[in-house]
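Engineer: Here's the letter readout for the chains.
2 protein chains.
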Amino acid sequence: MTFAEILTIGDEILYGQILNTNAQWLSTELTNLGVRVKHHTTVSDQEQAILDALTHAEQRADIVLITGGLGPTKDDITKKTLAKYFDSDMVMHEGWLAKLEAYFAKRGRPMVETNRLQATIPKVATLLDNRLGTAPGMWFERGGKVFVSMPGIPHEMECLMQDHVLNLLRQQFTLPFIHHKVIHTVAIGEAFLAERIAHWEDALPPHIRLAYLPHLFQVRLRLTGIGQDLAAIQQEVEAEAQKVLPLIEKHVFGFDNITLEEAIGNLLLEQGKTVATAESCTGGYVGHSFTKIAGSSRYFIGGIMAYSNEVKINQLGVKKETLAVHGAVSEETIREMAEGVRKALNTDIGVATSGIAGPDGGTAEKPIGTIWIAYADENGTHSQKLQLPFDRLRNIYFTTVLVLDLIRRRVQGIEI
Amino acid sequence: MTFAEILTIGDEILYGQILNTNAQWLSTELTNLGVRVKHHTTVSDQEQAILDALTHAEQRADIVLITGGLGPTKDDITKKTLAKYFDSDMVMHEGWLAKLEAYFAKRGRPMVETNRLQATIPKVATLLDNRLGTAPGMWFERGGKVFVSMPGIPHEMECLMQDHVLNLLRQQFTLPFIHHKVIHTVAIGEAFLAERIAHWEDALPPHIRLAYLPHLFQVRLRLTGIGQDLAAIQQEVEAEAQKVLPLIEKHVFGFDNITLEEAIGNLLLEQGKTVATAESCTGGYVGHSFTKIAGSSRYFIGGIMAYSNEVKINQLGVKKETLAVHGAVSEETIREMAEGVRKALNTDIGVATSGIAGPDGGTAEKPIGTIWIAYADENGTHSQKLQLPFDRLRNIYFTTVLVLDLIRRRVQGIEI
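So the sequence lines, in the order shown, correspond to chains A and B. Per this note's numbering: the first sequence = residues 1 to 416. Per this note's numbering: the second sequence = residues 1 to 416.
Just so you know, not all the hints are guaranteed correct.
In this list, chains with the same sequence are indistinguishable; a pair is considered to hold if it fits within one copy or across any two.
Said to hold, decoys possible - Pairs of lysine to aspartate or glutamate, EDC-like flavour, derived with a Cα cap of 20 Å:
| hint | residue 1 | residue 2 |
| --- | --- | --- |
| 1 | Lys343 | Glu310 |
| 2 | Lys320 | Glu94 |
| 3 | Lys145 | Glu236 |
| 4 | Lys366 | Glu332 |
For the record, the hints were derived by calculation from the structure and aren't laboratory data. Quick caveat: nothing in here was measured; it's all calculated off a predicted structure.
Let the sequences and hints guide you as you build the complete structure.
Structural biologist: Put into structure tokens, the structure is as follows:
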């Protein structure tokens, strides 16, 4: 097993000003590579703190990935400290200097001494090209262990990893093969899911791990197989996925890298159906869930955010009497909304939301979290009442997920 | 100075399955308390790794906040390990046991041995009540240093901190007074802002720090004063804020804990104005930005997501000729959209968006990121062309921020 440690350098993380997303991104990549991440460390931009962290990391890990502290405004403390740690002089890297000179010339900006210093690196280091910034990456080796220093700016770090580091690590270390399979489920809670697949899960071989990754009423089941034979491990993981599918298939909307929004879009495209939304409590979020996907104009025609009753009446054709007798949050109103938007925007499908998202507006009869959703098409209208326990924003998000799932179920003819 | 270290325990973080938001939340709270966070550490749920981390933390810090590893499914490794570290027996905490028994009885669920074990704690620890979960917090002291163990579930941890830990730390340590003042700006980039206030920033006294916190074309300027006299430091920070304001006031939408969406809502409420949105490229996101705020139904009436040209024509009254001659992404169309939604929904203000969010759909004349926004009220219509360089989602987010800012500027009569 190859072990790794991630060392993040920067006061902005220790003060809580930014979230350490780099550590998560690097952890995911290393895990996918078959490297075991043992430790995350964050220290401030101070020489002794960095030296101590490097010493500890070298004892614990085979691979030490270091981010941060390479910007010119921070006096390059990470670079100098690495030179000290590896007992190395700093040298000017002529290739990087030429690149920087060209960069500044192109922008018509003067190059000052601080900029030139970005082209110096410890003599023992190998420079790694950074396509997106002025600070290069650096690769160090000692006693079979590898240290990589990268900028803290996420997209520069990610680019460096993908351009160089992941491949170099694959070459340097004997890593097992890893095969992942992700099964995306929706509208079933983690505990229910776990109960339903418990027997299958208990019978998984030890080299295939299962992770539950829940987010907004969607649970991703990630199967990870580890072994020395790639074809065998792929086959085993796929076979396990096929075994579990019949137990949960009504809730499965896709595999591997897909989102619920993309899956619904693909379904609508396949069936050549168009959709429009009538949104009261979700107030545009269902529309956003469609329109955030590139190419959604092929199936999403538009929608009405019907926050006031006047809009429900004038734009959606909801009857005044319906609102007067049953209220805006009712089965009668939601059905008229879904049917009304389908008619007004001339689409195959109309969906609607109306409810009390909170924190105010609840009554004894209709407490906060009472939300109606509906789906209308040429075959009829289906409505569903939700009772959600969350805060305003999460009530909006969950309702949106359940509207997308309602489309999925109706379009595919799935009864749950 | 009092130093702290945050120790997070859990494989799910090292595997990259979840983001370590606890470390950021705790860092922010400790920084606000006047404690200096020196180190973040994350280790796996293994005894030796935890013991080593505790040893290092005790050498480096006065306060060690520990999260994770307290759930029943993980065999309480954190708790047992803390008992070992402090050389303490485990004892049953009768008060917590009674609470657990009542909890399970109320839910009609049987209480198994694993559940009972959640009521045992190391004898040397003081139990801290956890109002939201079954695992209590634990407070340890040794040689003037404090260790606090809390569950990893964010809302339980945050509740424990607010109920107990922050106050106890205030009592235990002599902490300086801290005063923060946040100035929220919009529609000015960090670099421009920094240039504009450089002289003022350079003249700040050393005990007042400035942080730039940029997010989606909004930059929060956070002034932090540290001192032994609370009244004096408050006065100094406020005086510095008053000095910088004239340099940037056209871009300032609020102070301290407010969001742009809330600030715009407050403005509309103050002026008794209602608003409606006509959204093409933002596809509901501007509406969502209004409706995610509780109470927004007092000023947000509704909107039209006009993704197709038919909806622009039928629901918004955009002329067919306008679309034919100038296209959907044009000054002529955007003005008709804003005016049309204002009329259709009978509001004081109408705003509109139409553009090419990407990644497809760009032309030489109208490249990706070409986006028009407009504002219409009784006094006339203002339109603005944007040229954004981002990916689809960020183009949508930035456009939304700039629409909100356009409302702010028009309603307040600010010319930039």
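Engineer: Measure nothing new, just compare the shortest in-copy and cross-copy C-alpha distances for Lys343 and Glu310 to 20 Å and report within, between, both or neither.
Structural biologist: For Lys343 and Glu310, the Cα distance is within 20 Å both inside one copy (18 Å) and across copies (13 Å).
Engineer: When no copy is specified for Lys366 and Glu332, does a C-alpha distance of 20 Å or less occur within a copy, between copies, both, or neither?
Structural biologist: For Lys366 and Glu332, only the intra-copy Cα distance (15 Å) is at most 20 Å; the inter-copy one is 45 Å.
Engineer: From the Cα coordinates, with 20 Å as the cut-off, is the pair Lys320 and Glu94 best called within, between, both, or neither?
Structural biologist: Neither: 77 Å inside a copy, 60 Å across copies.
Engineer: Checking an output row: Lys145 and Glu236, CA cutoff 20 Å. Within, between, both or neither?
Structural biologist: neither (33 Å within a copy, 51 Å between copies)
Comparing the model with each earlier hint shows violations of hints 2 and 3; every other hint is respected.
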